[in-house]
Amino acid sequence: MIYMYPETIVYLIMAVSSILSVVAVYLAIMERDLVRAVLYSAIQSGLYTILYYFLMAPDIVLVYLPVAVGLIPGVLLILISKTERVEKE
Amino acid sequence: MNLEFVNSYLLIITLTSLLVNSIIAIYGIFYRPHYIKKVIALTILSDTMNTFAIYLGYRRWIDNVNPRPPVLTTPPTDEALDSFIRQAVDPLPQALVLTAVVIGLAVTLFLVFQGYILYTHYKTLDMREIKKLKG
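Residue numbers (the working numbering), protein chains in the order written: chain A, 297 to 385; chain B, -2 to 132.
A hint or two may mislead.
To be verified - Here are the simulated SDA-like pairs of lysine to any residue, each with C-alpha atoms no more than 20 Å apart in a straight line: (1) A:K378 to B:K131; (2) B:K120 to A:E383; (3) B:K120 to A:I339; (4) B:K131 to B:F107; (5) A:K378 to B:H118; (6) B:K120 to A:L373; (7) B:K35 to A:I339; (8) B:K128 to A:V382; (9) B:K120 to A:I376; (10) B:K35 to A:V359; (11) A:K384 to B:F107; (12) A:K384 to B:E126; (13) B:K129 to A:R332; (14) B:K35 to A:T304; (15) A:K384 to B:S5.
Hints in this document: simulated from the structure, not taken from any laboratory. Note that this is a predicted model, so its numbers are computed, not measured.
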């Protein structure tokens, strides 16, 4: 069954990962704890990496994955540790 | 079994999700009060726009053949170039997005240090309070 419709399977994976990225973005924007917001945005970046891979851009994957999952959350976590952690009402 | 309708539907779901992502990110930039939350929303918005740019260069499958990444791995004979032109996706948006990712990293680092200076100056990163404070 799976081997018969590879195109549909690829588009299904893309659709599922983009819907999950909507959930991750919503949680990242609405979360009050900034550390958890940064982690949700890292999850969103990982889902976008799947999307880039299936959009046939493996060179973007190689650059985007360490930048958006590693460097930017790391720098933001350092900033949070030096400033304040909770977003007030 | 013809799945053309399902394929188009799934791609439309992907694009709509990206659109919703960009709308949520714009909401986060303008209406969330905290500085770090604004920076996170800005990175999400730039990533979403990069994904739109890559999608512009994408092409659908032709006769159940996967589109190739725009990398020529064999010597450029006529047959290799011919199959490359028929199958590869557009390399130009990918080159632009590669640049945009690195520039986005530099901008984010600049905003992070700006936030640290704001915190040492005002002792808060809540934009509503910074707006009220003078000097």
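For each hint, the structure was consulted:
1. A:K378 to B:K131: Violated, at roughly 23 Å.
2. B:K120 to A:E383: Distance of about 14 Å is within 20 Å: holds.
3. B:K120 to A:I339: Cα-Cα ~30 Å, so violated.
4. B:K131 to B:F107: 23 Å, violated
5. A:K378 to B:H118: 13 Å, holds
6. B:K120 to A:L373: Holds, at roughly 18 Å.
7. B:K35 to A:I339: Measuring from Cα to Cα gives roughly 17 Å; hence the hint holds.
8. B:K128 to A:V382: 19 Å, holds
9. B:K120 to A:I376: With Cα atoms ~13 Å apart, K120 (chain B) and I376 (chain A) stay inside 20 Å; holds.
10. B:K35 to A:V359: Status violated; Cα separation ~23 Å.
11. A:K384 to B:F107: Outside the cut-off at roughly 24 Å; violated.
12. A:K384 to B:E126: Answer holds: K384 (chain A) to E126 (chain B) is near 11 Å, not above 20 Å.
13. B:K129 to A:R332: 28 Å, violated
14. B:K35 to A:T304: Violated, because 37 Å separates the two Cα atoms, which is more than 20 Å.
15. A:K384 to B:S5: 43 Å, violated
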